[in-house]
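Let's have the full structure, built from the sequences with the hints guiding it.
As numbered in this note's numbering, residues 10 to 100 make up the sequence shown, in order.
It is worth saying that the hints were derived from the structure and are not from the lab.
It cannot be assumed that every hint is accurate.
As the list claims (entries may be wrong) - With beta-carbon atoms standing in for the labels, derived distance ranges:
{"hint": "1", "residue 1": "P90", "residue 2": "A61", "range": "22 to 28 Å"}
{"hint": "2", "residue 1": "G45", "residue 2": "L85", "range": "37 to 43 Å"}
{"hint": "3", "residue 1": "G53", "residue 2": "D91", "range": "34 to 40 Å"}
{"hint": "4", "residue 1": "C63", "residue 2": "V86", "range": "18 to 24 Å"}
{"hint": "5", "residue 1": "K46", "residue 2": "T80", "range": "34 to 40 Å"}
{"hint": "6", "residue 1": "P96", "residue 2": "M74", "range": "14 to 20 Å"}
{"hint": "7", "residue 1": "G54", "residue 2": "G83", "range": "28 to 34 Å"}
{"hint": "8", "residue 1": "P21", "residue 2": "T75", "range": "28 to 34 Å"}
Here a beta-carbon is modelled for each residue, glycine too, at the ideal position from N, C-alpha and C.
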Amino acid sequence: MAKNKKLENPCPVTDRRLRRALRGKLALSTLSDDEGKLFNAAIGGAVRSRLAGCNYGDVLAARGMTPIALTDDGRLVEYRPDGTIQPISVH
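Set out below in structure tokens:
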């Protein structure tokens, strides 16, 4: 799909079906191919929006989990609650 191509849905019936599917009230298997594309675009946009505003390190730390990540040079590091970053040795 082109980067700036906008999916448009001028049909009110399809709009209602998509809203129901997004709420989990309509089985995805009942959507047409075009409705499925619109559904996927809506879900993708919602996921991107949520990811943009979320720091998963903070989410994990709040749950008592220690976040780890892969650095740009391929090393595993641990983000500790005190704000320090500790390399992880992998044997």
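Quick check on a hinted range of 14 to 20 Å for P96 and M74, using CB atoms only.
Distance hint for P96, M74 holds at roughly 19 Å.
Could you tell me whether the CB distance from K46 to T80 stays inside 34 to 40 Å?
37 Å, holds
Per the hint of 37 to 43 Å, is the separation of the Cβ atoms of G45 and L85 within bounds?
Because 38 Å falls inside the window, the suggested range holds.
Could one say that the CB atoms of P21 and T75 fall in the range 28 to 34 Å?
49 Å, violated
Range agreement (Cβ of V86 with Cβ of C63, hint 18 to 24 Å)
20 Å, holds
Do the beta carbons of G54 and G83 sit within 28 to 34 Å of each other?
Taking Cβ atoms as reference, G54 and G83 lie about 32 Å apart, which means the hint holds.
Given a hinted range of 34 to 40 Å, is it respected by the beta-carbon distance of G53 and D91?
Distance hint for G53, D91 holds at roughly 37 Å.
Pairwise beta carbon distance, P90 to A61, judged against the given window 22 to 28 Å:
25 Å, holds
Violated hint: 8 only; the structure is consistent with all others.
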